[in-house]
Amino acid sequence: MSIISQIKPLAVKALKDLYNYDIAGPDLTINTTKPEFEGDYTLVMFSFVKQLKKSPEQLGNEIGEHLTKSNPEIFTAFNVIKGFLNLTVADNYWINFLQSNFSSKDFGSKPGNGETVMVEYSSPNTNKPLHLGHLRNIFLGWSIARILKESGYKTVKSCIVNDRGIHICKSMIAWQLFANGASPRSTGIKGDHFVGEYYVKFNDEYKKQVEELVIRGMKKEEAEKEAPIMKGTQQMLLDWEAGKPEVIGLWEKMNGWVYEGFDITYKRIGADFHKMYYESNTYLLGKQFVEEGLKQGVFFRKDDGSVWIDLTADGLDEKLVLRKDGTSVYITQDLGLADQKYEEFKYNQSIYVIADEQNYHMKVLKLILQKLNKPYAEGIDHLSYGMVELPSGRMKSREGTVVDADDMVAEMVNVAKHKTEELGKVKDFTEAELKELYDTIALGALKFFLLRVDPKKRMIFNPEESIDFHGFTGPFVQYTHARIRSILRKAEGTRDKAQGTGGLLKLERDLIILLEQYPTIIEQACTEHNPSVIAIYVFNLAKMFNTFYTEHSVMNAESEEKKQFRLQLSEMTANVIASGMGLLGIKVPERM
RNA sequence: UGGCUUAUAGUUCAAUGGAUGAGAACACUUCACUACGAAUGAAGAAAUGAAAGUUCGAAUCUUUCUAAGCCAACCA
0 MSIISQIKPL AVKALKDLYN YDIAGPDLTI NTTKPEFEGD YTLVMFSFVK
50 QLKKSPEQLG NEIGEHLTKS NPEIFTAFNV IKGFLNLTVA DNYWINFLQS
100 NFSSKDFGSK PGNGETVMVE YSSPNTNKPL HLGHLRNIFL GWSIARILKE
150 SGYKTVKSCI VNDRGIHICK SMIAWQLFAN GASPRSTGIK GDHFVGEYYV
200 KFNDEYKKQV EELVIRGMKK EEAEKEAPIM KGTQQMLLDW EAGKPEVIGL
250 WEKMNGWVYE GFDITYKRIG ADFHKMYYES NTYLLGKQFV EEGLKQGVFF
300 RKDDGSVWID LTADGLDEKL VLRKDGTSVY ITQDLGLADQ KYEEFKYNQS
350 IYVIADEQNY HMKVLKLILQ KLNKPYAEGI DHLSYGMVEL PSGRMKSREG
400 TVVDADDMVA EMVNVAKHKT EELGKVKDFT EAELKELYDT IALGALKFFL
450 LRVDPKKRMI FNPEESIDFH GFTGPFVQYT HARIRSILRK AEGTRDKAQG
500 TGGLLKLERD LIILLEQYPT IIEQACTEHN PSVIAIYVFN LAKMFNTFYT
550 EHSVMNAESE EKKQFRLQLS EMTANVIASG MGLLGIKVPE RM
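Everything in the first sequence is counted per numbering that gives the first Met the number 0, starting at 0 for the first residue and increasing by one.
Source of the hints: derived by calculation from the structure; they are not laboratory data.
Just so you know, not all the hints are guaranteed correct.
No more than 27 Å apart at the CA atoms, straight line, and that leaves these computed lysine-lysine pairs for DSS-like [to be verified]:
id, residue 1, residue 2
1, LYS104, LYS153
2, LYS7, LYS81
3, LYS52, LYS81
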């Protein structure tokens with residue numbers, strides 16, 4: 000149990016004992032004490048000062064007196080400044096805490112709670128390779144699933160692949176027109192990139208054809224509809240829906256290429272899924288909802304036969320759920336898929352990692368499910384994140400300004416390689432060990448960079464400035480870990496001796512206090528669905544350790560007891576760093 | 001026109017309504033390797049978009065304004 004959740008009931012009890020005053024735990028504010036004041040944790044008293052009709056100083060003294068007297072094993076001192084009661088926690092409390100947790104590899108993880116959470120992420124189109132924006136999505140999705148697992152949930156990672164539709168047909172038709180039967184194998188190009196090239200070729204050709212038609216006197220809008228390549232694409236979509244064998248064959252072949260490419264990338268960056276859904280299988284789902292909704296009076300039919308839901312009472316608009324020709328729209332499929340997922344996994348919570356441009360859509364989805372009284376509606380949750388933009392604005396594939404995911408990773412690996420060679424600390428590594436190390440550092444830098452920011456904020460990535468390895472970065476944290484491991488290797492075997500006691504130095508104390516907060520940090524990241532909380536914490540921990548490390552020697556400590564104590568402190572720090580980074584999907588090296 | 005989101009040092013990010021110093025990092029100016037690993041540490045300078053309100057107390061809540069982004073498709 001965290002120290003704060005131990006202090007709270009004690010404070011509640013103190014108020015009851017002293018003044019017969021009832022206050023609920025959540026109404027009490029307990030913070031870490033600001034560094035400029037004496038103490039570890041602070042009880043803010045303003046909230047009940049008025050009701051008790053005493054001065055803050057008097058209250059603080061009385062409560063402080065009561066707390067230290069009745070709990071001498073926890074509190075050793077207090078002071079009052081204005082409305083703040085600063086409490087000092089006993090050295091022995093911290094030392095005991097350290098001794099019972101320092102070697103634990105799963106400090107902060109909770110036992111299973113029996114609930115299942117689905118996390119849907121990545122969700123690519125199969126007409127082009129993954130880019131930097133997908134990476135943010137993938138890292139976020141993977142990490143939040145990992146954090147939920149640590150918090151006791153059973154997690155199911157899923158992915159809905161947008162493998163059909165007009166945009167897929169575009170690259171298909173361009174391949175028919177221009178490829179002369181070329182394939183990823185014949186050209187040596189990775190499958191997703193190969194297909195992406197034809198998507199670009201489509202757009203080039205389309206633009207050309209439209210321009211020609213305009214020159215021949217056609218209006219632009221009309222030309223956009225009449226361009227032969229576009230008409231061909233639309234025909235292809237109809238053929239696909241009709242199940243025409245040649246079209247299906249081509250579609251399967253090209254999608255297969257893309258999947259091969261995606262698999263390589265996913266594997267490289269450590270993404271994985273329990274369940275893949277394909278839009279080609281789900282795009283007809285959801286129609287049963289229409290009947291159901293009409294029967295319940297949640298939906299209504301217009302004269303032309305189309306079916307709608309009126310959400311104006313909820314501050315939204317009327318939303319179409321079925322076209323007049325009886326075909327379903329995007330939201331209908333999503334209703335169907337939500338239901339299918341529930342049938343399959345009986346989730347308590349279903350998190351969709353999707354960019355913030357779909358905030359409205361996701362709101363509508365949840366609202367409709369609620370109105371249909373679906374048992375899983377409440378569990379629908381949108382983990383909305385801001386787009387990754389370039390200094391010039393949004394990435395646009397048609398303008399060639401997209402930062403490709405594979406390129407990005409390769410570039411980071413290069414930087415890691417150069418930096419490592421420059422420092423020359425791992426010259427004895429084998430080729431394979433070096434390769435692994437470069438990947439660890441490169442992906443550590445990249446993942447940390449994308450995860451350290453609050454998801455809902457959009458972020459700007461400047462390709463000119465490569466991702467830094469100093470300061471608030473993955474490699475900084477990894478380096479700290481490697482350095483600690485280096486100390487621990489030197490002290491191998493000497494751990495189980497007498498434990499250090501005696502007065503804690505300020506930096507030792509600060510470090511333990513920070514370590515003690517780790518489980519609370521995981522809880523926060525879990526409830527807020529926000530991995531950046533972990534990234535910030537783990538960075539602060541590394542920084543704190545580095546400060547401690549330069550100030551106090553571990554191996555040459557003042558006494559053998561101190562040495563053992565600091566070894567424990569170091570070990571726990573390394574464990575928590577490794578654990579926290581693991582929640583972000585980042586590995587930490589023994590040496591770097 | 002409506003809805004949602006964002007606005008904090010030169011830049012990129014923090015801060016459950018709490019402390020007359022709003023924290024970091026990068027960049028900038030200094031200093032520290034005969035040291036358990038300098039991919040480090042220490043010191044310095046630098047910010048709450050504007051205005052009102054709510055209260056013991058506001059970067060945080062409310063209102064208005066300004067700027068940016070997204071959405072409001074029988075597109076996905």
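Practice item. Compare the distance between the alpha carbons of LYS7 and LYS81 with 27 Å, and conclude whether the hinted pair is satisfied. Key: Between LYS7 and LYS81 the Cα gap is close to 20 Å, so the pair holds against 27 Å.
Practice item. Please work out if LYS104 and LYS153 have their alpha carbons no farther apart than 27 Å. Key: Holds. LYS104 to LYS153 sits at ~20 Å (cutoff 27 Å).
Check your understanding: Between LYS52 and LYS81, does the CA-CA distance stay at or below 27 Å?
Key -> holds, 15 Å
The structure fails none of the hints (numbered hints given earlier).
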